[in-house]
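Chemist: Here is how the chains run, residue by residue.
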Amino acid sequence: MNGWTGNLLRINLTTGTVKKETFSDEFAKKWVGGRGFALKILWDELKPGIDPLGPENKLIVALGPIAGVPAPNTGKTIVAAKSPLTGGYGDGNLGTRVTMELRKAGYDGLIIEGRSGSPVYLSIVDDRVEILPAGEIWGKGTYETNDWIYKKYGKAAGVLTIGQGGENKVLYAVIRSLEGRAGGRPGIGAVMGSKNLKAIVVKGSGEIPVADPAGMKTLGAGDLRKVGEIDKKTGWSIQGTNGVLSWLNEVAALPVGNMRKTSHPDAWKIDGQRLNAARIATYGCPNCTMRCGIAIHDHEGRESELDYENIGMLGSNLEIFDLDQVASLNYLCDEYGLDTISAGAVLGFYADAVARGDVKGDFKFGDAERAKELLRMTAYREGVGDFLAEGTMRMARKIGRNSIDYAIQVKGLECSAYNCKFVPGMALAFATSPIGAHHKESWVIMFEITQTSRDSYGPEKAQKVVDLQRIRGGIFEFIVSCRFPWIELGWDLQHYADYFNKITGLNWTLDDLYKVGDRIYSLMKLFWLREFPNWDRTMDYPPKVWFDPSNADKEGPIAGKILEWDKYQKLLDSYYQIRGWDKRGIPTKKTALELGLAKEAAEVEKIGRLE
Amino acid sequence: MKITVKVIGPFIYQTGFSEKEIEVKEPVTAGQLLSLINLPEDRPKIVTRNGKAVAPKEELQDGDRIAICPIYSGG
Chain A
1 MNGWTGNLLR INLTTGTVKK ETFSDEFAKK WVGGRGFALK ILWDELKPGI
51 DPLGPENKLI VALGPIAGVP APNTGKTIVA AKSPLTGGYG DGNLGTRVTM
101 ELRKAGYDGL IIEGRSGSPV YLSIVDDRVE ILPAGEIWGK GTYETNDWIY
151 KKYGKAAGVL TIGQGGENKV LYAVIRSLEG RAGGRPGIGA VMGSKNLKAI
201 VVKGSGEIPV ADPAGMKTLG AGDLRKVGEI DKKTGWSIQG TNGVLSWLNE
251 VAALPVGNMR KTSHPDAWKI DGQRLNAARI ATYGCPNCTM RCGIAIHDHE
301 GRESELDYEN IGMLGSNLEI FDLDQVASLN YLCDEYGLDT ISAGAVLGFY
351 ADAVARGDVK GDFKFGDAER AKELLRMTAY REGVGDFLAE GTMRMARKIG
401 RNSIDYAIQV KGLECSAYNC KFVPGMALAF ATSPIGAHHK ESWVIMFEIT
451 QTSRDSYGPE KAQKVVDLQR IRGGIFEFIV SCRFPWIELG WDLQHYADYF
501 NKITGLNWTL DDLYKVGDRI YSLMKLFWLR EFPNWDRTMD YPPKVWFDPS
551 NADKEGPIAG KILEWDKYQK LLDSYYQIRG WDKRGIPTKK TALELGLAKE
601 AAEVEKIGRL E
Chain B
1 MKITVKVIGP FIYQTGFSEK EIEVKEPVTA GQLLSLINLP EDRPKIVTRN
51 GKAVAPKEEL QDGDRIAICP IYSGG
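Note that the protein sequences, when read in sequence, are chains A and B. Residue numbers for the first sequence follow our numbering, so the first one is 1 and each next one is one higher. Residue numbers for the second sequence follow our numbering, so the first one is 1 and each next one is one higher.
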């Protein structure tokens, strides 16, 4: 089998056993890799209703055929589990040397199950797989943990770690790698912590199986160079992802003050120009020629690697407009292994709740020093930090009243840094993201505001959301490659089908790849349905405050405008219709059968009828 | 009339400024304004007026704020 190693490594931390397993050609072609592998394994092996932080949950590390092969931006790895934050399927991707090292060691993924009785780390050096004591690094931050591992294994090793946030099961703890990479927003780091697993280190010395090695080597090296040249010509990475902050401020879509406001006169202080001017280093993932990690000195003089999502959520959303203070908050999130997006949303929600009088507290928007202390308390679940560690949905439920209306989340996962109180299509993208609100699945906001009528709820917006989900949440998540060359530099999508074919020896079209993505999207929905048998369309609703006329901007380009409830329902209907799902948002039997999900549909029919 | 021009992202290194007020003779359209600024013609651009999308043929008004941004597709 070319393109895949054909092996998965199963590690049981309860029994301390390790088993190398093979998977079939049929499995590989049906699910391809990454998100597809992770989802199918979790579907097959998890009993519905298990505690996400119990030993029954499984942590999946999954790669795809393109992962690690020298070609543009192929350094990504998928991490997945049943999410403790949402209760549904959860995953994320991050750049890490684990990608190539694990493939070179001869594996396309890890299935980590059970729970160790004491802190351990997993060491994989080709066929030598060991579960080793991690007492020395338990309780340490991710930077110190990385250094400890680098001293033992060298800096070329692939490393995944958790910080204190994961150890203490903060529900939005992530898995970390390299200088500032993180993945697994829906609490995948907490799942790792619940297993007493501090780190995974991988070194491989073999070759990634490629059908046409010489052809792929020439193609991959040439294309890496070309992507780098396009980046230089356009200047994209001068400001990286944070270039977009100023535009969002112009068009009233910036997250400000728990997303109650949409722009701020001080936004320029944290924009891409200021970030580039403060740059002390630039970082990227392996096999990348458009490095997006811009590091600056934080307020305490430490190096902190930033991108737009960090700055939007820990900066403008908290009304903190000192870039070095934003960098400090970002550093702490990285050190503790907390998701920067959810951390910014949680602190914003908390400040908003205090301001409204819903909870007693001393945190106000703009207070960077108190925000730092609250992040530390969250990571250790100390005092009010234990409350903040639960994420906005649970915090709101605990507060009661109508507090949930102000929690900027969908399905329990906090929205990324785009204020959609008057951006219907992007609100739909957040609402239908299959892991909870996340920008990685579909980003329609610039298209929507500039190429369509902003107040339209027409089916063209639902179509665009689906089109992007099929590529961003589909193809890139299961071939496992970074989407940036395609989304930001216009690198043609056909290149990825070409890489896929050269690596696997298959002759697939983009349509073949789309179909895999559609299958995965429908199975993700069935996974949720199995966990939430009373599922209905309310699970696909954006935050309620975005529909509240009293929350509309008083001035600026969207003064007096807000999302409209009835029109949103029609937009959601359009989305379901395009996907072949019913009005509850559940795949119809016909759709499930067309996508090769007969067995999975039959299992779901035990708990409820598919239309 | 006076127009405030805001340039976003890597465009600022090509125009040499990020924001300035410029004096133009009336009437001027959004498209004509772009030709007065040193921007690469082959780069797709998103232009907004006072925070809202504007077509190249639309005439500008005194006091308008024009923002010019490369196309982003979301991190």
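Be aware that one or more of the hints could be misleading.
To be verified - Here are the simulated distance ranges between beta carbons:
hint: 1; chain 1: A; residue 1: Ile578; chain 2: B; residue 2: Asn50; range: 30 to 36 Å
hint: 2; chain 1: B; residue 1: Pro27; chain 2: A; residue 2: Ile280; range: 46 to 52 Å
hint: 3; chain 1: A; residue 1: Ile280; chain 2: B; residue 2: Met1; range: 22 to 28 Å
hint: 4; chain 1: A; residue 1: Asp322; chain 2: B; residue 2: Ser35; range: 34 to 40 Å
hint: 5; chain 1: A; residue 1: Asp467; chain 2: B; residue 2: Glu21; range: 18 to 24 Å
hint: 6; chain 1: B; residue 1: Lys57; chain 2: A; residue 2: Asp386; range: 54 to 60 Å
Claimed, not checked - Calculated from the model, a selection of chain A residues having no Cβ within reach of chain B, i.e. all distances over 10 Å:
hint: 7; residue: Ala211
hint: 8; residue: Lys226
hint: 9; residue: Glu250
hint: 10; residue: Val354
hint: 11; residue: Tyr380
hint: 12; residue: Glu564
Bear in mind the hints are in silico, worked out from the structure with no lab data behind them. Note that CB positions come from ideal geometry on N, CA and C, so glycine has one too.
Chemist: For every hint, state whether the structure bears it out.
Modeler: Here is what the structure says about each hint:
1. Ile578/A <-> Asn50/B: 30 to 36 Å: The hinted range 30 to 36 Å holds for Ile578/A and Asn50/B, with Cβ atoms some 34 Å apart.
2. Pro27/B <-> Ile280/A: 46 to 52 Å: Hint holds: Cβ distance 47 Å, inside 46 to 52 Å.
3. Ile280/A <-> Met1/B: 22 to 28 Å: 43 Å, violated
4. Asp322/A <-> Ser35/B: 34 to 40 Å: Taking Cβ atoms as reference, Asp322/A and Ser35/B lie about 38 Å apart, which means the hint holds.
5. Asp467/A <-> Glu21/B: 18 to 24 Å: 40 Å, violated
6. Lys57/B <-> Asp386/A: 54 to 60 Å: The hint (54 to 60 Å, Cβ to Cβ) holds, given that Lys57/B and Asp386/A are roughly 58 Å apart.
7. Ala211: 31 Å, holds
8. Lys226: Holds: least Cβ distance 17 Å, greater than 10 Å.
9. Glu250: 4 Å, violated
10. Val354: 30 Å, holds
11. Tyr380: About 30 Å separates Tyr380/A from the closest Cβ of chain B, which puts it past 10 Å; holds.
12. Glu564: 18 Å, holds
Going through the hint list in order, the structure does not satisfy hints 3, 5 and 9.
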